[in-house]
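Those protein sequences? They're chains A, B, C and D, same order as listed. Positions 0 to 171 (numbering that gives the first Met the number 0) are the ones given, in order, by the first sequence. Positions 0 to 375 (numbering that gives the first Met the number 0) are the ones given, in order, by the second sequence. Positions 0 to 581 (numbering that gives the first Met the number 0) are the ones given, in order, by the third sequence. Positions 0 to 287 (numbering that gives the first Met the number 0) are the ones given, in order, by the fourth sequence.
In case anyone wonders, no lab produced these hints; they're calculated from the structure. A hint or two may mislead.
Straight line, CA to CA, 30 Å or less: simulated DSS-like cross-link-like pairs of lysine-lysine [to be verified]:
#1 A:K67 <-> D:K61
#2 C:K395 <-> C:K522
#3 A:K91 <-> A:K67
#4 C:K472 <-> A:K91
#5 C:K522 <-> B:K264
#6 D:K174 <-> D:K152
#7 A:K67 <-> C:K522
Some chain C residues close to chain A (C-beta under 10 Å, calculated; not the full set) [unchecked claim]:
#8 G405
#9 G408
#10 Y409
#11 H521
#12 I523
#13 A524
#14 A527
Glycine is no exception: its CB is placed at the ideal position from the N, C-alpha and C atoms.
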Amino acid sequence: MNVLDWLRRWTVPALAMCCLLGSAAAQETPAVKFVSTAAGPRPMEEQTARSVVRDYGEAWRALAEASKQSRPDLLGPYFVGAARESLSQGLKNQQKNGMRTRYLNQAHSLEALFYAPEGDILQLQDTADYQFRVLSDDQVVHDEHIVVRYIVLMTPGADRWVVRQIQAVPAQ
Amino acid sequence: MRLWISLLLLGVTAALIVAGLGQPGVLWGQNRESRDAVDAAGAGAPQAAIASLLRNVQRHDWDGAYAQVAGSSNVDQASFIRDLSGTHGALRTFSGLTGWDLNPLRATDSDAEVRATMHWATPVGALDDARDLKVVREGNAWKVVWPQPHFPDPPPQVIPLTFMRWDLVTGGSGDEWGNRNVDGPRVRIVSMNAVSYEGGSVVIGEAINEDSIPAFVNVNATLVGPDGQVLGNESSFDKVLHVLLPKQVTPYRIDFPEVELAKIKSVQMDVKTSLIGAAADPVIEVSNQAIGDDGAGAKALQGQLLNQSGQVVNIPHIIATFYDDGGRVIWVADGYIDRALLPQSPEPFRVRVPERIANNARNYRVVVNQYSLGGS
Amino acid sequence: MTQSGPSYRSVSLQSILLITLAIHGPLLLMQLPANSYDANVHMFFASHYSHHWFDPWNEKWFAGFSQTTYPPLTHQWIAMFSHVVSLETAYMLVQLLAVVLLPVGVYRFSKIWVEERTASYAALGSVFVGSLAFLVYQAGQLATVTSTALFLNALPYFYEWLVQGRLRSFCKGLAVSLAAASAHHVTLIFGAVLFAIPVVWRACIEVEEHFPEVSRGQVLRRAAGFGVLAGGGIALVLLPYWLAILQHPIRQMPIPHDSRTNYLLNLTTGMNYFVVPYGALILALPFLVPAAARIRSLRPLLFGFWLTFLLSLGGTTPLPRWLLGRAYEVLTFERFTLWACMMAMPLVALLAVTLLDRFQNLAATGLSLAAIGSLALALAWLNWNPYRPPSALDVKPVVDFLNRDGHDGYRYLTLGFGNSLGRVGAYSNAGSVDGDYNSARLLPEMTEFGSAQLTNSKFYGSAGMQSLRAMLKHANRYGLKFIFVHDSYYEPLLTFTGWQRIETYGNGQISTWTKNDVPPAHKIASDAVPPPWQGLWWGILPIGSSFLAILLLVLLPQRDPADEELPVLATRREHYAAEGSR
Amino acid sequence: MHRSPLLATLTAIALAALCSGQQTGLGISPTVIAGAEISIPAPGTGEATFYLASAAHVAKRKLSLGQPIRLSGQDLSIAGRYVAILCAGSCRSQAFFVTPAAPASLSFVVHPSRAWIGREGAISGVALPFDKFHNLVQDPVNVDFSIVAGGSKLYSASAPSRRGIAWFRAASGSKAGAAQLTASAGTVSARRALQLVASDPCRLQIRATPAPKGVAVETEPIHDCSGNAIPDGTIVTFTANGADGISTVDAPVKHGVARALLASSGNVVITAASGVVMGNELRMSVKP
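All chains, please: the whole structure from these sequences, using the hints.
Shown next as structure tokens:
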């Protein structure tokens, strides 16, 4: 095999691989609606409400990206405590089993249930509407559009609100 | 041809090396900052004697420096070195002489007086030390009469430590939410004022530790413009007491050199506190405080510090708050002292103050920040 | 007068390479350069390429800087090897390749000026040069040594192209030059003047004397053609570098460096930048000039060497400041010493041949002692030098702290770490606001005061401490939450500015300080972020130039040297013999 | 047509229940208690692959049809929505919920750690019951709160948790000292310590006597308006304005009294302040 053949054999795939690297589109932040009027006992400040919407949306974007790539580190700074432990364990299992879960076309409708007197605990109810897809070795084994209710605990972090507990609950 | 080329190369090389030796300021191998000072010193013999002394101090050549000291000074070399290189872990022991300015005050054929302002590079920033030095002619050389240094010499004694000490037990680094959360200390801004200064603006005021435990404090300020955009965000840096005991009040000063006062619509203050172990010792008395001339044509708040405890304060840092007749904070100034505070030994201090403030200040208060080797 | 045949034969290139391996191999396997000034910087760059080959934007220093501000070839080779061996071993491997390539380059470069036997002595001597040991084991200038070795190997092809217009030499010379530029651009910029012009001048003399059919204008046109294509090639291969420099020219306050002081007035600086690097060559200087001036074909080399020698004296003469202008305040001059030594090798070898022919064993002994003495002095100076790099600091506790508990969500700063800063950067996940590569700095807190790394602030007097104060004042802006201190000089400043000591390691060797109100680090917007296409370009072309050079050297081998003996060289032997006997 | 958001939400939830119901082909109960073991019938023959997917747990098993699929308590320890999928050629799936087990621990967040006495609603606490897998127990749980200070019960109340949260707010009483807060739900309880702190000094009275090097000043025992001694270490700033300028000392309180030595002479005016509380003013003449 002379040099030209060698070049033809390896150069094209190398360049293709390079282009591929930049092409994986990153997840965008899902839409989040928030009704904070029922928050109590502490009244919710407007700036807090805006931060909660921003950080909750970013948390679900990070969860969707982490689930898509089975990488716990992509959860980023948005999950702490029990939520981070359980989600990380789930993603490690995914990785081990060659499976991936996708949360597509998300829409979240948040309602504040409890806002602690000192403002350090926020309980939310999220009615999440998304396409839930399960893949095994890149084969879709499950695909359903669902609406699920989550009870979420958020606490203030260094510079954002973080999800400390997130639990899907059966519809009443 | 061979000879001509060899001579040419040799000659050009020699000429370039000689030219290299003649480059300004390189002759004495100093760094850039003191080069202009050397030129100024060349003016007269008395100043040359002082410059030679200071140059040796810069190179830590103490024998060479002491050789410039006049016999009539009756200062032994050890005291001379201690006076210039500092003792007891003081700020001076951390410092390096980077340059000096020499201003002749008076001169005759046999003696002269020169104000030497020494520029020291210290860990906490540049510090000037001005001294009026007398220079006398001894034989055909000029020598510097070094003032007799006074080193505090507290009598050996045992001073009981009778005050409170708080120790901090920090939990593990794991996530302890909901099990052992401890609130940070409560510190409140009691006054805030923004003033214009040298084309920029300065935010000053006072904060109090309202809690019953010591607080570690950092004060930040954000300047907001008319349309809500952030004009600047700075911290109080070293112009605040970071460790506040219960009910202790600290001044703070936050400089915004690039933001004009007229552009500011509002100031957002932010106090961040955390738990800290601390001691109610050392207690430092600030006495004889008065505003006067600093001898160099500027106004200064002067006074005396007295360390009433048994612990050596290696680096004292004073922060002075100035009030108008309505009790409003109109200025905050600070300064470091490059001598240590030994127990029961008074040490003078001076903080320069703008003329306008000196005229309007009706009252002032000085607090003392301190650093002790081995403890923070 | 009949001349008896030379009593010392030429030294084979294989023997020279074995001697090089015998001397420098063990020193590199001992990882002696690991604690040199710049080694950690090169390993830090390589560590980034090994994880982000096509993304030169590095967030770990200066809150983000572009690695396209430094030619990447040596770092890319280290990054490739580091996937097989450790990062330090990979660095030593690439350094060994460069050190082995250097005598080959000197040998082939010397054959332009002197005959084969003398050229072999020149190559043998280059192994023992003090400047090489200084740059490899104390300064850690891997890129300069590599680029010099490659460029010396390119010049003979350039010479063959000038004299005989052979396209094969043109292609190989061009490819090797591009690889040399990808290793270190400054070497090529100055090499084009200090090395290439004497070679062109030599070619003109050669065609005038031995190739009447080739006119001097033809030589100059060939040289111009090669220069244009080489310049264009370098511009193309290092395009992201030139774009970065055009976008952010180096306008920082000048940073003082010892090589810009007067060597005559400071004994230690004189030893460090003159006596140790030149070693025994100093003894030969008085004889080189007349010996070279006598032979017309050596005069170009003499003038090239002499100009480089003057530049290598740094601040001792005003010539560098006159010639380089503002660049004088950015450049350091120890690399000119290496180039001067390499240019002097053919002349020194000529002197050695004369001595050997006249004094045989006595001369051989003396020359050997001089060579070994030069190398020994440079290695001993590693311990005697009062400004030697501080002993290696155990930075593992610092790296462990940064890599746990989400601490890498903040930025950090080291104080008093010296050249260990690069090692912390290479192994920790967190970013720093400091860095050990002054040309890439864009943060105003570092460029406005005329001091270098923040970790060495105190050595730059008031300017250094002002720069450190400016950075600490903006700690919140950069998410700078942790400071690791290895020098108690900085503790008063940290105490007064609101930092608290939280941990100490190595019985007080290093203490960790933190500030309670610092928000997590966020990306600092910068217009210096290279676009994706530059990342691809930077990851393909520079390393590609070295593969191309290897490919051409393999595919276009030198035809059998015996038939190919340049007529030039054959005639030169009688030329010396005749002259020698005069 | 503009529909209220609430109506849209309820419709969506109903649809979800319907959807998941359609896939009830695996015979799993709609809700399972966390930690419980279940077995899923898998009739038929041949090879199949079973998947279990949820945000917190994912599993995949190759198995032979004909035997039930056993899911251990560890598989179903995290509360949430799970989907069981059985693929043998085509896939059948069913969604179900794992709900929290019985409360096993209480997270009890109390503020502040140090409360001034005599303040209404100064103390607040939030209790969250968790099961042994650290799932938040959503079912109502009755939580009893109590505050005991100086041997007497300062506060006691009972509150049912709503969706896993119960809270209270109480006054801080009038007696300084350590207080013990307790939250209990059945056999589970959590305890927190709290410091009830004297508030600002009520009356700052000073007296001064000449001393060898100036004036010795000290306060009378300092209390707040409820008679509680001011905590040791509280700073009292003494100021003496005399002939040779102002002298100030920040002196810490020890056993309720602050003392200081002020180097001042001539006609001296002495004042004291602690935080925002000013003391009386003394005038005296002191020989230098």
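Hint check:
For the given pair, K67 (chain A) sits about 23 Å from K61 (chain D) by alpha-carbon distance, which is consistent with the 30 Å threshold. A hinted pair counts as satisfied when its Cα atoms are at most 30 Å apart, and K395 (chain C) with K522 (chain C) qualifies at roughly 26 Å. Proposed proximity of K91 (chain A) and K67 (chain A) is supported: the alpha carbons are some 12 Å apart, at most 30 Å. Proposed proximity of K472 (chain C) and K91 (chain A) is contradicted: the alpha carbons are some 42 Å apart, above 30 Å.
For the hint linking K522 (chain C) to K264 (chain B), the alpha-carbon distance of about 28 Å falls within 30 Å, and the restraint holds. With a CA separation close to 12 Å, the supplied pair K174 (chain D) and K152 (chain D) stays within the 30 Å bound. Taking the CA atoms of K67 (chain A) and K522 (chain C), the gap is near 24 Å; set against the 30 Å cutoff, the hint holds. With 10 Å as the threshold, the beta carbon of G405 (chain C) comes within range of chain A, its nearest partner Cβ sitting at about 7 Å, so the hint holds.
This hint holds: G408 (chain C) has a C-beta 6 Å from the nearest C-beta of chain A, less than the 10 Å allowed. A cut of 10 Å between beta carbons decides the hint on Y409 (chain C): the least distance to chain A is about 9 Å, and the hint holds. Interface hint at H521 (chain C): satisfied, since its Cβ lies 8 Å from the closest Cβ of chain A, which is below the 10 Å cut-off. Given the 10 Å rule on beta carbons, the hint for I523 (chain C) is violated: about 15 Å separates it from the nearest Cβ of chain A.
For A524 (chain C), the shortest C-beta to C-beta distance to chain A is roughly 17 Å, which exceeds 10 Å, and the interface hint is violated. Given hint, A527 (chain C) at the interface with chain A, is violated; its Cβ is 19 Å from that chain's nearest Cβ, farther than 10 Å.
Violated hints, listed in ascending order, are 4, 12, 13 and 14; each of the other numbered hints is respected by the structure.
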